[in-house]
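Given chain B, put chain W in place with the hints provided.
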Amino acid sequence: MNNDELATLRARDFWGALVLIAVSAFFLVRTFDIPLWGGNRAGVSSASWYNSAAIVPLGIFSAMLILSFVLLLIAIRAGGARDAMTAAGIGWNSDEAIRFSTIGVILFFFIAGLVPRVDFIACSGLLITALTFGYHQGHARRMVISATVVSLCGLYALIAHLPQSQWAAHDDDVVTLLGWAALTFVMLRAAKSDRVLKICPVIAVIAPIILVCAMAFGFRQNVPNRGSLIFSKIEYHYYVSLRPLWRS
Amino acid sequence: MDFVLSQLAGFGGAFAALVLDPLTYVYLIISVFLGITFGALPGLTATLAVTILTGFFGNKIPLDYSLIALLGAYVGAIYGGSYPSILLNIPGTAASAATAMDGFPLAKAGRGGEALGLTTTASFIGTLIGTIALLVFVWVLLLLSQNIASPEKALLALFGILLSGTLMSEDLVIKGWIAGLIGLAMAMVGLDPLLSEPRYTFGWSYMLSGFQVVPVLMGAFAIPQIIEGMRHMKVGQVAALKGRILPNARTIRKHLPTITRSGVIGTGVGALPGVGEDVAGWVSYGVGKSVSKEGEKFGKGSLEGLLCSETANNACIGGALIPLLVLGIPGSPPAAALMGAFKINNIIPGPTIDPEIILRVVAIMVLASFTMFIMGLFTARIFIKILQIPQVVFLPIVMVLTTIGSFSVGGGINDLYLMLGVGFVAYFLNMLKFPIAPLVIGVILGGLFDETLRRSLLISGGDIMVFASRPVAGVLLLLNLALIASQFPIMKRWFGRLRRRNA
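Going line by line, the protein sequences match chains B and W.
The numbers in the first sequence follow the working numbering, run straight up by one, and end at 248.
The numbers in the second sequence follow the working numbering, run straight up by one, and end at 751.
Isolated chain B, as found in the complex (with noise of 0.2 angstroms):
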């Protein structure tokens, strides 16, 4: 590590630290809930402090929130205190920032929006198109397309079915499967003599469609959504016109 990435770091250090203190401090706050000496639980006496379920809990974050002011002394010594305001210091770049916020986008959006509420098939085929199509080349103005188009889906999704009783519901399998045609068709038009990306919508097609049925015929597991707008087609052929083929 040169002098410049260590100073970045302990920038980094300095932040992380005060991070650590204030999350070990607040959970040893929290760790006085529980009774420490002659507490009654369930009718079981917890009156002696080795009987106590905080005894453990206390020392790990009186540890933690001892280091956490080591590192944070350390930081400070080796200058992260000074640097800690500056953008060289921490080592803020844009670029790699825009790279970052739009994964964190695109993965929130997934997990959060489309996989409970959506086709798994579908969200996924989105997913892939979406992070091939946007970090392939490392265009930022592609990571921003990618990202949006997986957040209106995913904010569609959540917005018109948040409750989990609306999940089966199959509208947003509809502006998820158009989100991920158009992001196709946007992609396929900059792919030209790109390869990568012209591979791309096979895979996006035939890689969720292989693992969801491996997962829900192959090792009969629960799968996300089963009652979606694909999968319950998939799952009723198979059960219907496949399996009895050799069932039978």
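Worth flagging that the hints you see were computed from the coordinates, not collected in a lab.
Restricting the straight-line Cα-Cα distance to at most 27 angstroms, the calculated cross-link-like pairs of lysine-lysine (DSS-like) are: (1) B/Lys-198 / W/Lys-633; (2) W/Lys-633 / W/Lys-490; (3) W/Lys-633 / B/Lys-192; (4) W/Lys-681 / W/Lys-740; (5) W/Lys-502 / W/Lys-537; (6) B/Lys-233 / W/Lys-308; (7) W/Lys-537 / W/Lys-548; (8) W/Lys-591 / W/Lys-308.
Showing chain W alone in chain B's frame:
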């Protein structure tokens, strides 16, 4: 003698049962192939291979097949890391970092085929050395571990977390310790194991059962890799593979002492709780450089240097399984993922483990190493083609794999939120150079540490001398204290003076 014969008979029975079952080969070939592929693709690791397969095979097929799949992937992935190290000068896994030092210069000199052939053979012999050590020492330690009670278990768990934090830290050692403490803290969530007192549940019923191991593993190992890998990167120029891959028997005979020594070192390092294959590779490389007659050639294309790291990292697998099976303390990060698979199958590794499982693990390891050897020698060119796949193609598929794997193990959306949360935290910790392995080991050992520490105090009526008065506990306590004290500036200065005086 009777003991050895009974062990051999037990192993023979387990081996024959596996060999005669056709399904064994299906799982073995698929898992070793997937393992080598994961190892060969820079950006995917052995830990990730075992973690993802835990999501798929962990509790969905009989335990025997699940162990075949996971151990096959583990062995394959550690070996697979050597491909990009030799042909691209990029370690496929951290375990193969030392391999690149000599592998790539050899490939550039037109000896890539020879390097791959020898690496395959060394990895095979290394895995066998580790497996033999596993077969022998696991029983000796199991006999000894009958005397290990709660105080020793608590101190051993703490030692594993501290040692992992100390040795896996790239920057400051306290970062490793803090990572271990974060893992321990995560393990405190849910109902406590003795009094069923809810801790840090914030009124959310999902939290009552605590953090599930598989989503935590997936989040800690997969999400940061995906975030880090999704960037524009030119696929490196693969060095042309010249020469035959099948190794020369005379060369192997010549290097057999190096292979044996490295195998023993790798097994020993693997047996240390929480220390992984990368440390084994570097330790063996360092020892090799200092004892070899051609030490000055290390780093410039030395076959001995190549064999030192590659034998040790594969031998480490058997070593890492010793503390896992005997004490329930994973010897390496992939072994921690393997422990997750045991946990979701309701098997508690440790002194009470069913001896049949140990014999099956040994038999699977032998079969997996044979499969790896054959695949390495005869299908190497397929894996070389795989090296040319860009990360942006396979990482999105990994994300889909982790999502469906994590969902199906717990069967809930909450596990996915947990996976994502842990993933982002792990990414930031990675950015700040906090090692992730101690965090995961902390999560896995947290429950054991909490339960055994409090049980010790409960039995002794709150007398903390229970951790010092028993002989084994006393030694372990001293080891823990020495490990902590060794990081104090005053001790570091003292060690430095001592080293200078000796030099």
